[in-house]
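Fit chain X to the known structure of chain U by using the hints.
One line per chain: the protein sequences are U and X, in this order.
Its first residue numbered 1, the first sequence is counted upward by one per residue in my numbering.
Its first residue numbered 1, the second sequence is counted upward by one per residue in my numbering.
Hints may be right or wrong, so weigh each one.
[What the hints assert, rightly or not] Below, simulated SDA-like cross-link-like pairs (lysine to any residue); rule was C-alpha separation at most 25 Å, straight line:
#1 U:Lys36 / U:Asn17
#2 U:Lys36 / U:Pro8
#3 U:Lys44 / X:Asp27
#4 U:Lys41 / U:Glu58
#5 U:Lys44 / X:Glu5
#6 X:Lys98 / U:Thr59
#7 U:Lys36 / X:Tyr39
#8 X:Lys2 / U:Ser39
#9 X:Lys56 / X:Gln103
#10 X:Lys42 / U:Ser86
#11 U:Lys44 / X:Lys110
#12 X:Lys98 / X:Gly29
#13 U:Lys36 / U:Lys67
#14 U:Lys40 / X:Thr24
#15 U:Lys22 / X:Ala17
#16 X:Lys2 / X:Ile50
#17 U:Lys41 / X:Asn7
#18 X:Lys2 / X:Gly29
#19 X:Lys110 / X:Ile47
#20 X:Lys110 / X:Arg37
#21 U:Lys40 / X:Glu5
#22 U:Lys44 / X:Leu65
#23 X:Lys42 / U:His73
#24 U:Lys41 / U:Pro99
#25 U:Lys44 / X:Met48
#26 U:Lys22 / U:Thr7
#27 X:Lys98 / U:Asn17
#28 U:Lys44 / U:Ala72
[Said to hold, decoys possible] Now the stretches of chain U that chain X is said to cover, found in silico as 3 or more residues with beta-carbon under 8 Å:
#29 37-46
#30 93-102
[As the list claims (entries may be wrong)] Simulated restraints, written as ranges between beta carbons of each label pair:
#31 U:Phe42 / X:Gln80: 21 to 31 Å
#32 X:Pro111 / U:Leu98: 36 to 46 Å
#33 X:Asn7 / U:Thr7: 32 to 42 Å
#34 U:Thr13 / X:Glu45: 22 to 32 Å
#35 U:Met15 / X:Pro81: 37 to 47 Å
#36 X:Lys2 / U:Gly84: 12 to 22 Å
#37 U:Lys52 / X:Glu15: 19 to 29 Å
#38 U:Met15 / X:Gly16: 48 to 58 Å
Please keep in mind that the hints were generated in silico from the structure rather than gathered at the bench.
Beta carbons are placed, not taken as given, at the ideal position from N, Cα and C, and that holds for glycine.
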Amino acid sequence: DTAVSQTPKYLVTQMGNDKSIKCEQNLGHDTMYWYKQDSKKFLKIMFSYNNKELIINETVPNRFSPKSPDKAHLNLHINSLELGDSAVYFCASSQGILPGYTFGSGTRLTVV
Amino acid sequence: QKEVEQNSGPLSVPEGAIASLNCTYSDRGSQSFFWYRQYSGKSPELIMSIYSNGDKEDGRFTAQLNKASQYVSLLIRDSQPSDSATYLCAVRSGNTGKLIFGQGTTLQVKP
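Here chain U stands alone, though its shape is the one from the complex (with noise of 0.2 Å):
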């Protein structure tokens, strides 16, 4: 039983597409979060929630949209999706603020 599972695991898409990567914790975790992976392997937060409500809000361009259903679930919606959108991005959750996190497998994001 997967805990973190994201959808899809690859993404190819043409520049200005939008697309949407989604996300699923089995955990009981209250709070989950988003990660963008470039190529040079830096990991940098984008957004989190906690218990459906939005905590952290990076500077990120706002072709990005986050949406929380419920706590189990994270999904991210892109928009107008440009080649610097390229990277491997990550879920993950946590019970609170203090432990570390347990991530997803990843979603491989290439635009052409």
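Okay, now just chain X, sitting in the frame of chain U:
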């Protein structure tokens, strides 16, 4: 200055040796520190967390924290080829759960 800095490596050690991975951070108020291991093409996996000055041991892994020097390290004893991966240092920022990651150190353990 980057908030969390690591030497990107690669750090190459022979099998059975001790691998020493280092990390410095800029926010003196940071309280929580983590080491993640990431194999190529996989997601980061939490291997150690440390909150107090000193050493914390878990099997072959020892995390060391020195808040005065703003320095955290990870020692891997009896290194195995299966330890070959990128090791990411992460520091919790503020009280929102946000983790700031270093760029990672690539470790190669040669048989």
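Please verify whether Lys44 of chain U and Leu65 of chain X have alpha carbons no more than 25 Å apart. Holds: Lys44 of chain U and Leu65 of chain X sit about 23 Å apart, inside 25 Å.
Does the structure keep Lys41 of chain U and Asn7 of chain X at a Cα separation of 25 Å or less? 13 Å, holds
Against the range 19 to 29 Å, how does the distance between the Cβ atoms of Lys52 of chain U and Glu15 of chain X compare: consistent or not? Violated, at about 48 Å.
Quick check: the region 93-102 of chain U, covered by chain X? Criterion 3+ residues, Cβ under 8 Å. holds (count 8)
Check whether the Cα positions of Lys44 of chain U and Lys110 of chain X lie no farther apart than 25 Å. 31 Å, violated
Using the beta carbons of Met15 of chain U and Gly16 of chain X, state whether their distance is inside 48 to 58 Å or not. 50 Å, holds
Given the hint that Lys22 of chain U pairs with Thr7 of chain U, does the C-alpha gap stay at or below 25 Å? 5 Å, holds
Mind checking the alpha carbons of Lys98 of chain X and Thr59 of chain U for me, to see if they're no more than 25 Å apart? Holds - the C-alpha atoms of Thr59 of chain U and Lys98 of chain X are around 14 Å apart, at most 25 Å.
Between Asn7 of chain X and Thr7 of chain U, does the beta-carbon spacing fit 32 to 42 Å? 35 Å, holds
Compare the distance between the alpha carbons of Lys2 of chain X and Ile50 of chain X with 25 Å, and conclude whether the hinted pair is satisfied. 21 Å, holds
Assuming the hint says 36 to 46 Å, is it satisfied by the Cβ distance from Pro111 of chain X to Leu98 of chain U or not? At 39 Å between Cβs, range holds.
Given the hinted pair Lys40 of chain U and Thr24 of chain X, is their alpha-carbon gap at most 25 Å? Given pair Lys40 of chain U, Thr24 of chain X holds - Cα atoms ~19 Å apart, limit 25 Å.
Hint check: violations occur at hints 11, 15, 27, 37; the rest are consistent with the structure.
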